[in-house]
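Enquirer: The residues making up each chain are set out below.
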Amino acid sequence: MLLVGVVVVSAGIGPVHVGPIAVAKVFANAIAVPAGVRMEATALAAPWHAVEWYAPFGYDVDPLYSTIVLQVRLPRIAAGASVGFALAAAGTVMQGLFRNPMADPSIIGVSSGASVGAVAAIVAPVALPFGLGLRASAFVGALVAAVVVYAIATEGGRTPVATLLLAGVAVQTFLGSVTSYLILRSGDSIEEVTYWLMGHLDASRIEEALITGGISFALVVVLYLYAEDLNALLLGETDARSVGVEVEWTKRILLAASSIITGAAVAISGVIGFVGLIVPHALRLIVGPDHRILLPTSALAGASFLVAADTLARSGPAELPVGIVTAAVGAPFFLYLLRKREVSEL
Amino acid sequence: MIDIDGLCVDRSGVRVLADVSLSVADGEFVALVGPNGAGKSTLLGAVGGHLSRAAGSVAVDGDEVGSLSARALARRVATVPQETNFGFDFSVRDVVEMGRHPYRSRFSGDDPDGAAAVERALDRTRTTQFADRSVASLSGGEKQRVLLARALAQSVPTLLLDEPTASLDINHQVRTLDLVAGLEETVVAAIHDLDLAARYCDRVVLLADGSVQAVGTPRAVFTADRLERVFGVDVTVGENPATGTVTVTPTAGVSLGSESD
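Protein sequence lines, in the order shown, are assigned to chains A and B.
Our numbering applies: residue 1 is where the first sequence begins, and numbers increase by one.
Our numbering applies: residue 1 is where the second sequence begins, and numbers increase by one.
Worth flagging that the hints you see were computed from the coordinates, not collected in a lab.
There's no promise every hint is true.
Stretches of chain B that chain A covers, calculated by requiring three or more beta carbons in the stretch to come under 8 Å of a beta carbon on chain A [as the list claims (entries may be wrong)]: (1) 46-55; (2) 73-81; (3) 90-101.
Far from chain B, some chain A residues (derived; all Cβ distances over 10 Å) [what the hints assert, rightly or not]: (4) 136; (5) 169; (6) 195; (7) 238.
Note that beta-carbon positions come from the ideal geometry of N, C-alpha and C, so glycine has one too.
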């Protein structure tokens, strides 16, 4: 509900103001349901063209508003919601898995790997194999980094989270130096590189946002099935095993799913800090540590938070990368929560 | 029922359990005693399926522990760890309900006997009155009872307890062991306090340097000679006038230096 409200309000804010009612009407008009299938000769070759769509709503709105809302703002809002959903969900899982509230989605090197991939794609696109684009290159970089960290930290079929954490830090540092080197060599494209690294949502097409959103949603459903195992893991691996959790298998599933989610998010948005750290943390203070509740609420709150932050980023006098806004808004809020909790516990 | 045969366990290249064989019958309460580093926790860990073995077999109710899935094993054996870090703010009931994990289906979450098992476990450990409090707010003794409640909620025939009384005051030590001794479940517990082991347990297993030194009733195992050799300290073995059970008192002439003899 909060997410829907934030999306409607956000779609109305911008250089051209569109009232929330008008936004709601634009969205309603855009709803189309498949009404039937035309029986034509081409139906077999291209079945999707044969579907007849029926739009149940026909509100009278200014076509200019329609264009602004659906063509200009919606892709960006969809990107914000998808990325926020993904980062907050992955952050929740990483914090639980590492039993550390300071863990975030990039803890096992995913974001650093994505940065190397993306910067390489910008600086030296010809050097990439298979003609990978920027997004694909960032995604591949993210997954390669995660797999390398996992492999380094695994010995004899076991992956202690403490080792995973340290391997993640080391690989992040290494990848950071690779990124720095690539930046030095970037020449004219340095502005594009810096912009990507800061995190942004404006370059996304709606198809890209939907791919990230779809991947994230599907994997969050998988993660949700492991919510109870993650609860047990919070008490430690020995405890989790003694209540019947297949510890190593569960860790593998959780790490893989959250790395893919994070990679899919970072690929379209660049590195947006703090969402995956602060949103799960804030929600844990509100709804408690039970992942059956925490995971879905945190993912939805992450989506709302990032859409709101991006609205703020693009409605100022000069448009800012959203990564700057999330950090600038997030850090003080995080400190506030920290203080408040300490005070109430003492 | 537990059957251990020729068990060897290595840790970082050092043999910490060497050729341990032991059988525990249904309903028995067996204490593992011995000096620090004797291998008591390791032995419990091997039965609980927490570590890999160099050699030997460990069977619970007739099936090799290594051949059972974590879920299947958790329906037969429950472990009460020495220490659990309750860094996150779960309620007591949440923690006890985790004991039902091996019975809940991943997709539907169904567990028809769950609610009753949780209530019974809370009741048996007298933790019902703080069921809705945060575990982080409890004292050491209360946390210990919550972990015992979680193990009871698992509805298993065999419980493994690692130092269940180590962090408790004398009142809670006695209350906890009274409770454990009254259970119909098979219990294997690592216990430091020899007097408490003698008072509550049917049999004791004396471990030292990773191997079994003696097994039997407390009265048979706790002889002054044997305890002096194993612990490296002079002891007097007597009878506790209040309980009528064996009592072991370390006396003067502590000779830590002769430990390696």
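Enquirer: Run every hint past the structure and note whether it holds.
Expert: Status of the hints after comparison with the structure:
no. : hint   : verdict
1   : 46-55  : holds (count 4)
2   : 73-81  : holds (count 7)
3   : 90-101 : holds (count 6)
4   : 136    : holds (33 Å)
5   : 169    : holds (21 Å)
6   : 195    : holds (38 Å)
7   : 238    : violated (6 Å)
The structure shown violates just one earlier hint, number 7.
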